[in-house]
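*Asks:* Sequence:
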Amino acid sequence: KELKNLPLHPNLTIRTDSKYLIDGFETWIKGWKNKGWRTASGKPVSNQDLWKALDVARIEGIKLEYVKGHSGDKDNDRVDKIAVSFSKKIEIKLSHRR
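Remember, this note's numbering sits 124 above the position in the sequence shown when you count from 1.
Please note: incorrect hints may appear among the correct ones.
[What the hints assert, rightly or not] Calculated pairs, DSS-like style, for lysine-lysine (alpha carbon to alpha carbon, straight line, at most 27 Å): (1) K154 <-> K176; (2) K154 <-> K167; (3) K212 <-> K192; (4) K125 <-> K217; (5) K167 <-> K143; (6) K187 <-> K205; (7) K205 <-> K143; (8) K192 <-> K205; (9) K213 <-> K125; (10) K187 <-> K157; (11) K157 <-> K143; (12) K198 <-> K213; (13) K143 <-> K212; (14) K159 <-> K143; (15) K187 <-> K143; (16) K192 <-> K154.
Note that these hints are calculated values from the structure, not bench results. Owing to the predicted nature of the structure, the values given are computational and were not obtained by experimental measurement.
The task is simple: from the sequences and hints, build the whole structure.
*Replies:* Have a look at this one:
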């Protein structure tokens, strides 16, 4: 949601270690919506609320790129550390690089 309010570089790419996110966002979500938020097997899509929020926040043209998790990628390692800290309610210093 926040990205919609910022000037975006034309080559902006969001990197993630989640193939599930990439496949869901780029491929499966279209079918889920067409089937009333049901999977190909007819079961309700898990985490529908999160998928719907992602769909509303979608910005056309932004690419998703897979990066292998825990592979030494400094950005992915940093985001993982932040996510783990937040999940365990441990304070962590966030910094902004420009």
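*Asks:* A separate judgement is required for each hint: does it hold in the structure or not?
*Replies:* A quick look at each hint next to the structure:
Distance check on the hinted pair: K154 and K176 sit about 11 Å apart at the alpha-carbon level, within 27 Å; holds. About 15 Å separates the Cα atoms of K154 and K167, which keeps this hinted pair within 27 Å; it holds. Proposed proximity of K212 and K192 is supported: the alpha carbons are some 23 Å apart, at most 27 Å. At roughly 23 Å between alpha-carbon atoms, K125 and K217 fall within 27 Å of each other, so this suggested pair holds.
Between K167 and K143 the alpha-carbon distance is near 21 Å, which keeps this suggested pair within the 27 Å criterion. Pair hint K187 plus K205 holds up; C-alpha atoms about 23 Å apart against a cutoff of 27 Å. Among the hinted pairs, K205 with K143 is consistent with the structure: their alpha-carbon atoms are about 19 Å apart, no more than 27 Å. Using a Cα cut-off of 27 Å, the hinted pair K192 and K205 holds, with the two alpha carbons roughly 15 Å apart.
Simply put, K213 and K125 have alpha-carbon atoms about 23 Å apart, close enough for the 27 Å limit, and the pair holds. Under the criterion of a C-alpha separation no larger than 27 Å, the hint pairing K187 with K157 is consistent with the structure, at around 21 Å. A distance of roughly 20 Å separates the Cα atoms of K157 and K143; the hinted pair therefore holds under the 27 Å criterion. At most 27 Å may separate the alpha-carbon atoms for a hinted pair to count; K198 and K213 meet this at roughly 22 Å.
Distance check on the hinted pair: K143 and K212 sit about 24 Å apart at the alpha-carbon level, within 27 Å; holds. The hinted pair formed by K159 and K143 meets the criterion: a straight-line CA distance of about 22 Å does not exceed 27 Å. Restraint check for K187 and K143: satisfied, since their Cα atoms lie roughly 13 Å apart, inside the 27 Å limit. In summary, the hint linking K192 to K154 is supported, as the alpha carbons are separated by about 25 Å, within the 27 Å threshold.
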